[in-house]
Amino acid sequence: MGKDPARTEIPPGTLYMLILRSLARVGPMHGYGIAQHIQQLSEEVLQVEEGSLYPALQRMLIKGWVTADWAQSENNRRARYYRLTPAGKKQLNVEVSEFERVMRAVANVIQPA
Amino acid sequence: MKPGELWRRIGFLRRGRQFDAEMEEELRFHAAMKAAAYRADGADAREAHHAAMRRLGNPAELKEKSRDMWGWRWLEAFAQDSRYAFRVLRKSPAFTLIAVVSLALGIGANTVVFSVLNALVLKALPIADAARVYFVNNSGGPGQSFPNYRDIRDRNAVFESLFAYRVAMMSLDDDRGAHRVWGYLVTGNYFESLGIKPALGRFFTPAEDMHPNASPYAVISHACWRNRFGGDPQIAGKNIRINSHSYTVLGVAPREFHGTEDFYWSEIWVPMTMQPQIEGHSWLEDRYSRNSWVAGRLKPGVTVKQAEANLGMFAAQLAHDYTVNEGMRLTLSVPGMVGSAGREPTQAFAGGIMLLAALVLLAACANLASLLAARMADRSRDLAIRVSIGAGAGRIVRQLLTESLWIAMLGGAAGCALAVALLQLLSQWHAPLEFPVQFDVTPDWRVFLFACLAALATALLFGIGSARHAWKADPALHLKGTATPRSGRRWAARDILLPVQIALCCVLLTASLVAVRGLMRSFQTPLGFRPDGASVIGYDVGLAGYNEDQGRVFEQRALQAVAHLPGVESAAYSSSVPLSIDQSNTTVYSESTTDFRPKNAQAASFYKVAPGYFQTAGTRLAAGREFTPQDNPNSPRVAIVNQTFARSVTGAANAIGRRFRRGSGGPLFQIVAVVEDGKYETLTESPKPAVFFPILQDYSSTIVLMARSHRPEPELAAEMRDAIARLDSHLAVFGVGSLHQMLGLVYLPMHAAVVALGAFGVLALMLSITGIYGLAAYTVSRRVREIGIRVAIGARPAQVLRLIFARTGMLVAIGAAAGLALGIAGASVLASIVYQASSRDPLVIGAAVLAISCVGLAAAAGPARRALRIDPVQALRHE
Chain A
10 MGKDPARTEI PPGTLYMLIL RSLARVGPMH GYGIAQHIQQ LSEEVLQVEE
60 GSLYPALQRM LIKGWVTADW AQSENNRRAR YYRLTPAGKK QLNVEVSEFE
110 RVMRAVANVI QPA
Chain B
90 MKPGELWRRI GFLRRGRQFD AEMEEELRFH AAMKAAAYRA DGADAREAHH
140 AAMRRLGNPA ELKEKSRDMW GWRWLEAFAQ DSRYAFRVLR KSPAFTLIAV
190 VSLALGIGAN TVVFSVLNAL VLKALPIADA ARVYFVNNSG GPGQSFPNYR
240 DIRDRNAVFE SLFAYRVAMM SLDDDRGAHR VWGYLVTGNY FESLGIKPAL
290 GRFFTPAEDM HPNASPYAVI SHACWRNRFG GDPQIAGKNI RINSHSYTVL
340 GVAPREFHGT EDFYWSEIWV PMTMQPQIEG HSWLEDRYSR NSWVAGRLKP
390 GVTVKQAEAN LGMFAAQLAH DYTVNEGMRL TLSVPGMVGS AGREPTQAFA
440 GGIMLLAALV LLAACANLAS LLAARMADRS RDLAIRVSIG AGAGRIVRQL
490 LTESLWIAML GGAAGCALAV ALLQLLSQWH APLEFPVQFD VTPDWRVFLF
540 ACLAALATAL LFGIGSARHA WKADPALHLK GTATPRSGRR WAARDILLPV
590 QIALCCVLLT ASLVAVRGLM RSFQTPLGFR PDGASVIGYD VGLAGYNEDQ
640 GRVFEQRALQ AVAHLPGVES AAYSSSVPLS IDQSNTTVYS ESTTDFRPKN
690 AQAASFYKVA PGYFQTAGTR LAAGREFTPQ DNPNSPRVAI VNQTFARSVT
740 GAANAIGRRF RRGSGGPLFQ IVAVVEDGKY ETLTESPKPA VFFPILQDYS
790 STIVLMARSH RPEPELAAEM RDAIARLDSH LAVFGVGSLH QMLGLVYLPM
840 HAAVVALGAF GVLALMLSIT GIYGLAAYTV SRRVREIGIR VAIGARPAQV
890 LRLIFARTGM LVAIGAAAGL ALGIAGASVL ASIVYQASSR DPLVIGAAVL
940 AISCVGLAAA AGPARRALRI DPVQALRHE
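Just so you know, the sequences run in chain order A and B. Under my numbering, the first residue of the first sequence is numbered 10, with each subsequent residue one higher. Under my numbering, the first residue of the second sequence is numbered 90, with each subsequent residue one higher.
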C-alpha cells in the first residue's frame with residue numbers, strides 16, 4: 010500500500026462529464042467503481058474525492074441523468090449501482106462538446122506564437 | 090426547473106429517512122472496498138480499515154452534503170424549528186393561550202371588517218366587464234328626470250349604451266294570493282347594456298321602450314321563479330298578474346343577478362314604459378320629477394375623465410334649455426350604492442371601521458410583543474447556553490421567528506374560523522325591514538388572502554422585537570446571572586409598547602363608548618312623533634286595481650274597522666310616515682315669489698294625512714287645528730307645516746293664515762296649523778321644512794294606517810291585518826307591526842356602528858387586561874429577590890407595591906392620557922354616523938377613564954398579591 014501518489018484536483022465542472030462518460034463506457038457501476046474507473050483510465054492522475062463524488066451523484070439523480078438501484082456487487086455485498094439515462098447521454102454529449110470547445114480555446118491561447 | 094426534476098425533489102421528501110440509511114450503507118460499502126484495496130496492497134486489516142475511513146473523511150458531513158443537494162435544507166430546518174417551537178409553546182400553556190386568543194380576536198375582527206369592506210367597495214356587480222359600467226349622478230344626487238335621461242342617452246358621445254331604472258313596488262299574484270314585491274322599472278336596453286344572459290327565456294329589448302303602457306312584459310329573478318312559481322321550466326311566455334293587470338313573463342334572470350344595486354335584491358323587472366300603470370301616475374314626460382336612476386356602459390377606451398368632460402358640456406346645454414336643470418352637474422361613480430350619494434358615506438364608514446379594526450390588531454401585536462419581550466428575559470439564560478455551544482445568532486433569530494410565526498398561524502386560523510362563522514350569520518341575516526335588503530358578505534379569496542397576510546405581518550411585527558433582543562444578548566453575562574439592562578438606558582422596548590397598547594385600547598374604548606352613548610341619546614332624540622304604542626299596516630289600493638273613488642271608500646271603511654278594534658285610542662292614515670323608506674319631497678315658494686327658478690325654491694318633505702293623524706302619531710300642534718273631514722275637495726286648499734317650514738317659507742313663527750305656493754306657478758295653500766319639528770329622512774339631519782296636506786284633498790293610493798293603543802303592538806297589528814283582510818282578502822299588505830319596526834332602516838347604520846364599535850371596545854379592554862397583567866407579572870417575577878431583601882430589612886406592603894407598580898402605573902397613565910386625547914380628536918368622525926355622538930361628553934370621558942383604571946387594577950391585582958406574599962427567606966434561597 011503506502012501513500013497515494015500526488016493527487017491532482019479534477020478540473021472544476023468536469024466531474025459530471027467524467028462520471029457520465031464512465032457510465033456510458035462501462036455500464037451500471039457503484040460509486041467506488043466509478044472512482045476506480047476514472048483513476049485507472051487517467052493513469053492515476055485524476056483522483057476522485059469521495060467528498061465530491063457522492064454529492065455529485067445525488068445532483069445527477071436530481072437532474073435525471075442517472076438512476077440508482079441496489080444490487081449485489083461482485084463481492085456479494087449490497088451496493089448502489091448508477092445507470093445512465095437517455096437524458097444523461099444527451100447531457101454527456103453537451104458536456105463533451107463544451108469541454109472540447111474550451112480546450113481548443115485554451116490550446117489556442119497557450120500555443121507558442 | 091424542469092417538471093421532472095421538481096417531481097424527483099418532492100419524491101425525496103417522502104423517503105427522507107430511507108435516504109439516510111441508504112447513504113450510510115453506500116459509504117460503508119465504499120470504505121469496505123477501499124479497505125480491501127489497501128489490504129491487497131499489503132496492509133493489515135486494522136490499518137487498512139483506518140486508512141479507508143481516513144480517506145472517506147467525516148461521513149456525517151458527507152451525508153449532509155449529499156442531502157443538501159436536494160434543496161430541502163430550509164424545510165428541514167423549519168420543521169426542526171417548528172418542533173422545538175411547539176415544545177416551548179406547550180411548556181407555557183397560559184402564554185400560548187393568551188397569545189393565540191388575542192391574535193384570533195384581532196385577526197378575526199379584521200377579517201370580518203375586511204369582508205364587509207370587500208362586499209361594499211371591492212366586489213363588482215355580477216355583470217360582464219363591470220369596469221366600464223358607471224352610474225350617472227345628477228348634482229351629487231342619484232335622481233334624474235326621464236326626459237333628461239332620454240336627451241343624454243340620445244346625444245352623448247361617450248356611452249355605448251345608457252339605461253334608466255327605478256326601484257318600484259308591485260303587487261304580484263301567485264297561487265297563495267297577492268304579495269307586495271320589490272322590483273325595478275327599467276328601460277329596454279337595461280339587460281343588454283349589462284351584458285347578462287337569461288337563465289331562461291329572453292330579456293327586454295329596446296322595442297319595449299316604444300309606447301307607453303304597451304309592453305306588459307316582466308322578467309323575474311331566479312329566487313322569485315323558484316319560490317313563487319316552483320321553478321316552472323315553462324314559465325317563459327306564461328301570464329302573471331301584476332297590480333291586477335296581466336303581464337307576460339319573458340324570462341328569468343341568472344341566480345347571481347339581483348339588480349344594479351348591491352344590497353337591494355329585486356324580484357321582478359318591468360319595462361319603464363309601463364310606469365304609468367305600475368305607479369298610477371306618469372312622470373315619464375315631466376322634467377321636474379327626478380325619479381329615474383341612470384347608468385350606462387362607456388365606449389371602449391373612454392376614460393371617466395373624458396366622459397365627465399363630455400357630460401359637463403351636455404349638462405350646461407340642458408341647463409340652458411330648461412330652467413329646471415339650472416346648476417346641473419353630471420358626474421360618474423361606480424354603480425351599486427345609489428350613486429355617489431350612497432357610496433361615499435358608506436366607503437367612509439367602512440374605511441373608518443377598518444382603521445379601528447387595524448388598531449385592534451396593532452394593539453394585539455403590541456400586547457404580544459410585550460409579552461414576548463418579558464418571556465425573552467426569562468429565556469435569556471436558555472438562549473445564552475445555546476449561543477455558547479455554537480448556535481449562531483441567525484439560527485436563534487430564525488428559531489424565535491418560527492415561534493412567532495406559529496403563534497400567528499394558530500391565531501390566524503382561529504380568527505379566520507371565527508370570522509367565517511360570523512360572516513355566514515351576517516349573510517343569512519335578513520334585516521328586519523319591509524325592503525329586500527340582503528348583505529352578501531360571504532368571504533372570497535381576497536378575504537382569505539387578507540387574513541393570511543395579516544397573520545404574517547403580525548408574526549413579523551411582534552417576532553422581530555424578541556429576535557432583536559436575542560441578537561444583542563451577551564451569553565457570558567447571562568450565564569453569570571448578572572445580565573441587567575445597561576445603565577443609562579432605563580427604557581426598554583416593552584416600556585414603550587405598554588403605553589402604545591394602552592393608548593390604542595383607549596382610542597377604541599372611547600370610540601365605542603361614544604357610539605353607545607350616541608345610540609342611547611338617539612333613542613331620546615325628539616322625532617316629532619311618538620313611535621311607542623303605535624301599530625301600523627301599509628297597503629296600496631292602486632296595486633289592487635282600485636280607482637280613486639273606490640280607493641277613498643275603501644280607506645274610510647278600513648279606518649272604521651281599525652278604529653273599532655278593542656283598545657284602540659285613535660286611528661288615522663297617511664300616505665307615508667316620517668323616517669320610513671317612502672319619503673317624498675316637493676318644491677314650495679313663498680306667496681310673493683314670481684320668479685320660479687330653482688334658486689328661489691325650497692324643498693320640503695311632504696305627507697298626505699287624514700284627520701286625526703297628528704293625535705295618533707303623537708305630534709304636538711304648536712298652534713292651529715288638525716285637518717277635519719270638512720277639508721275635502723270642495724273646500725279651500727289648506728296645509729299644516731312644521732316650525733322650520735313656517736320660519737323659512739313664510740318668514741313668521743306664527744304662520745297660521747299665511748299662504749305658500751306648491752310647485753312652479755302651482756296653487757296656493759293656506760296654513761291652518763304649525764306642528765313641532767321632527768326627523769323626516771335621517772336621524773342625523775338638521776331641522777328641515779315639512780308640510781302635511783289633507784289626504785281628502787290630495788288622494789294617495791299608498792296608505793299607512795296607524796292605530797294608537799296601550800296594547801302590545803304585534804298583537805294589535807295582527808288584528809289590523811285581519812280586519813283589512815276581511816274587507817279585501819286580495820290586497821297585499823306590508824309593514825305590519827309596530828311603528829318602530831317601520832323605522833328600522835334609519836336605525837340600521839347606527840345599530841351596525843354600535844355593534845361593531847362595541848365589539849372593538851370589548852376587545853380593547855381584553856387586550857389591555859392581558860397586556861397589563863403580562864407586564865406586572867413579569868416585573869414581580871424578575872424582582873422576587875429584591876423584594877425579599879427589602880421585606881427582610883423591613884419594607885412595608887405599601888412600599889413594596891409602590892416599588893413594583895409605580896412604573897407600570899405611570900406607563901398605563903401615560904398611555905391612557907394619550908389614548909383619550911386621540912380618541913376625543915378622532916371621534917368627530919363618528920359623529921357623522923352615530924347621531925348625537927359627541928366625544929366631549931363628560932360621561933364618555935369619565936367612563937373611559939374609569940374603565941381603564943378598573944382594568945388596570947384588575948389586571949395588576951394578581952401579580953400584586955403575589956408580590957405581597959413573597960417570603961423573604963424563600964426568595965433569598967430561590968436564586
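It is worth saying that the hints were derived from the structure and are not from the lab. Careful, some of the hints might be misleading.
Said to hold, decoys possible - Examples of chain A residues lying across from chain B (beta carbon under 8 Å, computed):
#1 37
#2 40
#3 43
#4 59
#5 64
#6 72
#7 73
#8 90
#9 92
#10 98
#11 99
#12 108
#13 110
Even for Gly, the Cβ is constructed at its ideal location relative to N, Cα and C.
For each hint, the structure was consulted:
1. For residue 37 of chain A, the interface hint is violated, the least distance from its beta-carbon to any beta-carbon of chain B being 14 Å, above 8 Å.
2. Hint on residue 40 of chain A holds. Least Cβ distance to chain B is approximately 6 Å, under the 8 Å limit.
3. Taking 8 Å as the C-beta contact cut-off toward chain B, the hint placing residue 43 of chain A at the interface is violated, the least distance being around 10 Å.
4. About 5 Å separates the beta-carbon of residue 59 of chain A from the nearest beta-carbon of chain B, less than 8 Å, and the hint is met.
5. Taking 8 Å as the C-beta cut-off, the interface hint given for residue 64 of chain A holds, the closest approach to chain B being about 5 Å.
6. A distance limit of 8 Å between C-beta atoms decides the matter here; for residue 72 of chain A the minimum to chain B is near 6 Å, and the interface restraint holds.
7. This hint holds: residue 73 of chain A has a C-beta 6 Å from the nearest C-beta of chain B, less than the 8 Å allowed.
8. For residue 90 of chain A, the suggested interface contact is broken, since its CB lies about 10 Å from the closest CB of chain B, more than 8 Å.
9. Because the smallest distance between the Cβ of residue 92 of chain A and any Cβ of chain B comes to about 15 Å, over 8 Å, the interface hint for this residue is violated.
10. Because the closest C-beta pair between residue 98 of chain A and chain B is about 16 Å apart, greater than 8 Å, the hint is violated.
11. Violation of the interface hint for residue 99 of chain A is found here, the shortest Cβ-Cβ separation to chain B being roughly 13 Å, above the 8 Å cut-off.
12. A cut of 8 Å between beta carbons decides the hint on residue 108 of chain A: the least distance to chain B is about 22 Å, and the hint is violated.
13. Checking residue 110 of chain A against chain B by beta carbon gives a least distance of about 24 Å; that is not within 8 Å, so the hint is violated.
Hint compliance for this structure: hints 1, 3, 8, 9, 10, 11, 12 and 13 are broken, all remaining hints hold.
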